[in-house]
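S.K.: Here are the chains, one letter per residue:
4 protein chains.
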Amino acid sequence: MTKELERLKEVKGAKIVENMNVDELVKELRGCAFGAGRLAKAVDIYEEMLNEETTKFMGIAGALVPAGMRNIIAEMIRERYVDVVVTTGANLVHDIIEALGEHHYKIEAADENADVAVDDVRLREHGSDRIYDVIVHDEAFARLEDFIRGVFEKLSRKKRYSIKELLTAIGEKLSDRNSILRSAVDSEVPIFCPAIADSMIGLHAWIYKQTSPLEVDAFDDMKDLIDIFSEAKRTGAIILGGGVPKNFIFQTALIAPSREEGREGFDYAIQITTNTPEDGSLSGATLEEAKSWGKVGGKAKAVTVYCDATIALPIIVAAVRERMEEGKHKP
Amino acid sequence: MTKELERLKEVKGAKIVENMNVDELVKELRGCAFGAGRLAKAVDIYEEMLNEETTKFMGIAGALVPAGMRNIIAEMIRERYVDVVVTTGANLVHDIIEALGEHHYKIEAADENADVAVDDVRLREHGSDRIYDVIVHDEAFARLEDFIRGVFEKLSRKKRYSIKELLTAIGEKLSDRNSILRSAVDSEVPIFCPAIADSMIGLHAWIYKQTSPLEVDAFDDMKDLIDIFSEAKRTGAIILGGGVPKNFIFQTALIAPSREEGREGFDYAIQITTNTPEDGSLSGATLEEAKSWGKVGGKAKAVTVYCDATIALPIIVAAVRERMEEGKHKP
Amino acid sequence: MTKELERLKEVKGAKIVENMNVDELVKELRGCAFGAGRLAKAVDIYEEMLNEETTKFMGIAGALVPAGMRNIIAEMIRERYVDVVVTTGANLVHDIIEALGEHHYKIEAADENADVAVDDVRLREHGSDRIYDVIVHDEAFARLEDFIRGVFEKLSRKKRYSIKELLTAIGEKLSDRNSILRSAVDSEVPIFCPAIADSMIGLHAWIYKQTSPLEVDAFDDMKDLIDIFSEAKRTGAIILGGGVPKNFIFQTALIAPSREEGREGFDYAIQITTNTPEDGSLSGATLEEAKSWGKVGGKAKAVTVYCDATIALPIIVAAVRERMEEGKHKP
Amino acid sequence: MTKELERLKEVKGAKIVENMNVDELVKELRGCAFGAGRLAKAVDIYEEMLNEETTKFMGIAGALVPAGMRNIIAEMIRERYVDVVVTTGANLVHDIIEALGEHHYKIEAADENADVAVDDVRLREHGSDRIYDVIVHDEAFARLEDFIRGVFEKLSRKKRYSIKELLTAIGEKLSDRNSILRSAVDSEVPIFCPAIADSMIGLHAWIYKQTSPLEVDAFDDMKDLIDIFSEAKRTGAIILGGGVPKNFIFQTALIAPSREEGREGFDYAIQITTNTPEDGSLSGATLEEAKSWGKVGGKAKAVTVYCDATIALPIIVAAVRERMEEGKHKP
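Read top to bottom, the protein sequences are chains A, B, C and D. Under the numbering used here, the residue at position 180 of the first sequence is numbered 180, and the numbers go up by one with no gaps. Under the numbering used here, the residue at position 47 of the second sequence is numbered 47, and the numbers go up by one with no gaps. Under the numbering used here, the residue at position 127 of the third sequence is numbered 127, and the numbers go up by one with no gaps. Under the numbering used here, the residue at position 90 of the fourth sequence is numbered 90, and the numbers go up by one with no gaps.
Among the hints, a few may not be true.
The list makes no distinction among identical chains, and a pair is therefore deemed to hold if it is satisfied within one copy or across any two copies.
Stated by the list, open to error - Lysine to aspartate or glutamate pairs mimicking DMTMM-like chemistry, simulated, CA-CA at most 25 Å apart: (1) Lys299 x Asp83; (2) Lys173 x Glu326; (3) Lys223 x Glu125; (4) Lys173 x Glu215; (5) Lys158 x Glu215; (6) Lys159 x Glu188; (7) Lys9 x Glu102.
None of these hints come from the bench; they were simulated from the model.
In isolation and in its complexed conformation, chain A is listed as follows (with noise of 0.2 Å):
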């Protein structure tokens, strides 16, 4: 008998019934196989990350503001579903554009294509940009200039920033309570976006250093992170969509101190993502690969759920909030 087959378990159909909550469903998918199964498994594993103090990073990639998901990430900062955050620019400058009050648009005909819905030359000429089937206004990157440089003009001119201390002191600035960087600050929440010149925030910081001094080091993040990883007693990684979130995160398993011997890498990890291995990319890169590279522990729990973002992150955060309030009521 090879070891494979020993732990083989019968698929278990899925049933629908009447009123079922989200847990309920996702307790059906676990006896299923394929992306059900995974989906079942990644709230599994994310239930017991939050049972068992565990330091949870989460890496943000992908346009999820844009489409929508801002409630959803703020809400899991101050609630302390994660404990850290690595993002790219572009989803803190849509966040920062929704704290300022302006919003994005669906375009509703795109039902099942955006790219047929809409002629991009003219949405040029009345200054709407597109993502996908989300527009988002020159206005809003009107007021983002403004609102950015009322920022920099408050720092001080002496000081060398961090990335994370310019971005909390962006936070500190906004005073929506469902900002994702409001939301940081508030709860002691680290963000780091390590290629934040990659995005508006980069631009205007271009433009502001043209005329005034403003000073960002590229590396001084990386002590923060990696002293956290260092200090934490279990680590979990939460990676939604690839990119430099997910290597940024990785990465720091590296070379932080080992923790006690023969522990390396984290202890739990879930991935999102639509890229598959297929291409050698990053992104889509399992997270066995990562376990040759000591980034994901040996014997640590892990799942990708392939799948777009936005349908799975929102199902696993309200099955696992379930969970987490059945626990509460628990003698």
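For chain A, the structure is supplied; the task is to place chains B, C and D on it using the hints.
M.R.: Relative to the frame of chain A, chains B, C and D by itself:
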């Protein structure tokens, strides 16, 4: 102002609250973009199909039965959430296997990548056949063979069967109420399988025909399918995964007599697929493309959800079922 | 030292020099990883198939004929780079259309996204049917109808045809030497199309059968295919795009009598696909998975190239052809 | 007649003849649709870029160096097929590793699925780090560490470096002519890497900064990049794989002073990616979408090739190089 910009709607971020049922979550996704918005739209379209006397054609490709979707599909048939099914031979084979009391097994180690957890040559030695992270044992196929042979032997030697009639004969012999084939017989939902030769049923037909006559016509089913389409008041397509089932359903619309002037093609269409259009394959083709052919009506309500069907189907069915139950209780 | 690490080979970067022929480029890719390495491996495997008296089965799914791959496929048949073809009805329909002097047209604006350049409802009004960035006009299908009806009328009313015989009857009536169907007749390469009902040929069979008898058996072809497999000295599969053709070729190996002890499944397999395994669909299933079934031999030489077949096929054919020509000139 | 239908062109099937050079094959693909047509179009656009005094920006994401594309990229720099490079830290790290005489290794068994051939936990025990089907040994990273530390120690302690200056300092220390970084120094092609912190270089910067000062500014590079764009007569983007490099190149166009009235965005753009637009991520976003932002000009010549870059890049470079050579010999 361009036509597109008149149809913009503010993105409204999803909120997760305590104890949400599946439909409440789906309604939160309505204001979101990307996959989340399309998933919510699929539920809205399906609800309208169910409320508007629509004849609903479901295409099933991909190994949904081995993955654990059998109960959901059988229930959709029994509850008449679908009125016609077109599927691959493989899904029927695996339905029969379960109806005979055999099982599918899930490779528990295969959390993120089925291929990593197994040695397929060793599986072969153990008579274990793999479908991604699912295993079927050779014994199950031996049971299938006996059963199918028994059905063939009871068929009239004088009659020429259509594929649908052959499937009905099989379904009648199954006693498992959760079987797709049995449910279809019980509920008078016709099942079509144009590529039946491309399945274990086909292989056993070949063996049987070595010694006994068995005549099954490749084209006879088309009349029934076209008649159903022609006589329908409204038509809806639910396409899970492309392939032959998608085309066979859609081509029906090409030839069915126009019901009234100016109307052609399906009135509603929902497509759940992981294929994308860029390589020109039909499985990834947009429903917009289908409009150029007249397969989907120019004014049809249509949406494609780019998602693993084992994730999207349970959510859609749970949500729409909730709405139907609510509808029943309205005064 | 683990088994894996004994089989490591230094990555040798590709170099581009002046005036490389296609095979020289492919040989440069041999030392590369990811898709490049697999493409080069596919050529090596194909070369070995051609040199080792292998019966070569080619599966063709996806709209390769509309995309412009018809000449290449027809030539592969005429030159016996393939010995058996299994395809979708659609590819045959479009082959006939071109053989009748009708054409496919390319939407020139659709450089990067076919869907962006067109209004499918307007296309419909103009009788233009779209396949991603390709257009076929309704007139072409009208010509097809006349032709197919003519073929049906010449068929014997007493005979029960296999699908292969029906396709042979069609091919014999085509005079275009570049036709796939005609080339197959000329070269005695059998063409199988198990899902023929799922095509315009199927639709016209339905119309014809309203008034005249036409009997085509769904299962009769299997014997021929299995006999060819059983009698082959060595067997090779070239799978373009998955679907029914992939499974129909591979299932043959499940039932064909073992040729000698310890041997089963295809000896060589090349798969070109844009599908990936993660959603459990057969079209994306690895050739490793096929080994667990005995479809591909445990010691087979096999490679999957994850690539649009319209890119990979011409390269592979050009490269392997170059090698065959070189082989001829050797003393 | 609609606008689209005026621009139809007959699909002209590709023909393979004996001893074709790469460009002859590409020219055969010009008349084809789907990926084949787009690949041919990419070569035509690149040729025009090279003939029309275009400043060419290349973005490199994905592990192209480990896969064996290093020589090709270095040669593109040396021969000024590109004028500016934006890349991930990882590609630079692997370039340095090879320049130091260390190697990447290919898992030979991993013909179709890298994950199947290895046990990542065992690889970890052997100090072997996996990138899909490529292995790098820990020793290579130890060599890298020594080297990088040596470079850091030679830096001026008083100066604040831009990331580009840091990369130049590294490149100057490399003696391998085939190195990307060395070639860039030699050819005065600037290399930008906005997310450098997200790489082994970043990790070693963190270690170094524990004990010694090292000041690298996150934003200083933007000025150079924007100046190059602003001063260019014409601009072209060659985007391999999305991510930060894609956005960093394109965002430059958002802010660079308009060169003349009515002109904005890149004049040419070629994108090679395996991501598709449906999940809203930037890596899969169409070049059409980029037009709505003004990143790509409304009249730009632009094409996306959906393909593994390790396949498409060598073909494109070989073909366009052939054309340039031919051009030289013209009277």
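S.K.: Provide an ascending list of the numbers of those earlier hints which the structure does not satisfy.
M.R.: As far as the earlier hints go, 2 and 3 are violated by this structure, in ascending order.
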